[in-house]
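Student: Quick note, the sequences are listed as chains A and B, same order. Residue 242 in this note's numbering is what sits at position 35 of the first sequence, and the numbering runs on without skipping anything. Residue 99 in this note's numbering is what sits at position 30 of the second sequence, and the numbering runs on without skipping anything.
If you are wondering where the hints come from, they were derived from the structure by calculation, not from laboratory data. Being a predicted model, the structure only gives us computed values, none of them experimental. All residues carry an ideal CB built from backbone N, CA and C; glycine is no exception. Errors might be hidden in some of the hints.
[Claimed, not checked] Covered stretches of chain B (chain A as the covering partner; in silico rule of three or more C-beta atoms under 8 Å from a C-beta of chain A):
1) 95-104
2) 110-118
3) 153-162
4) 172-178
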Amino acid sequence: AQKITQTQPGMFVQEKEAVTLDCTYDTSDPSYGLFWYKQPSSGEMIFLIYQGSYDQQNATEGRYSLNFQKARKSANLVISASQLGDSAMYFCAMREWDTDKLIFGTGTRLQVFP
Amino acid sequence: DGGITQSPKYLFRKEGQNVTLSCEQNLNHDAMYWYRQDPGQGLRLIYYSQIVNDFQKGDIAEGYSVSREKKESFPLTVTSAQKNPTAFYLCASRDSRPLSGANVLTFGAGSRLTVL
Chain A
208 AQKITQTQPG
218 MFVQEKEAVT
228 LDCTYDTSDP
238 SYGLFWYKQP
248 SSGEMIFLIY
258 QGSYDQQNAT
268 EGRYSLNFQK
278 ARKSANLVIS
288 ASQLGDSAMY
298 FCAMREWDTD
308 KLIFGTGTRL
318 QVFP
Chain B
70 DGGITQSPKY
80 LFRKEGQNVT
90 LSCEQNLNHD
100 AMYWYRQDPG
110 QGLRLIYYSQ
120 IVNDFQKGDI
130 AEGYSVSREK
140 KESFPLTVTS
150 AQKNPTAFYL
160 CASRDSRPLS
170 GANVLTFGAG
180 SRLTVL
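So that you can see chain A by itself, here it is in the shape it has in the complex (with noise of 0.2 Å):
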């Protein structure tokens, strides 16, 4: 069954330095992408990065950037230079391309202090 894994319920860094969010998958669909959202307190769900299954490279976005390692099903976020605006939940999310469902994990929230 398709399952989302996010083992890190809350991460600390302090500004300007790189922390990485943890997330592991389990699909049986060989095609199949990967997202990150970003939530804020105010609830509205912001998209960070995607990455696909056939992706050959990583996916990088500014100052996201993701560490997909097929073989381990493990798709962690790296956020460099760290900014207090960087202060949220941050959610990874599976879609199947089989099914169309798109599930998400249950988050790390993510405090970044001066």
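Put chain B on the given structure of chain A with help from the hints.
Tutor: Just chain B, lined up with the frame of chain A:
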């Protein structure tokens, strides 16, 4: 500007009452989704629809109902059968066309339902 509008933003309901949450999008997206979020939790899929007049149950569909009579609208009804309906509800939509930006979900601002 294109986007997704959810209403109401806050809603209070007495036990035993049905309530309908509105979700409207002007993005011309084919697929629409409803998620439920409990405090400190992730998003759980309630229902989704890939095309007008068709929808599928997600992981927690019991006690909810939806309709998809128009492409731009996907209302969610929380029925009295839903035992613990107090939650934050998020609607999302997605462009189904191939090669359209990885089919990223666009979310509404959410509706917070409280049962008194």
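Student: Does the structure break any of the earlier hints, and which numbers would those be?
Tutor: none
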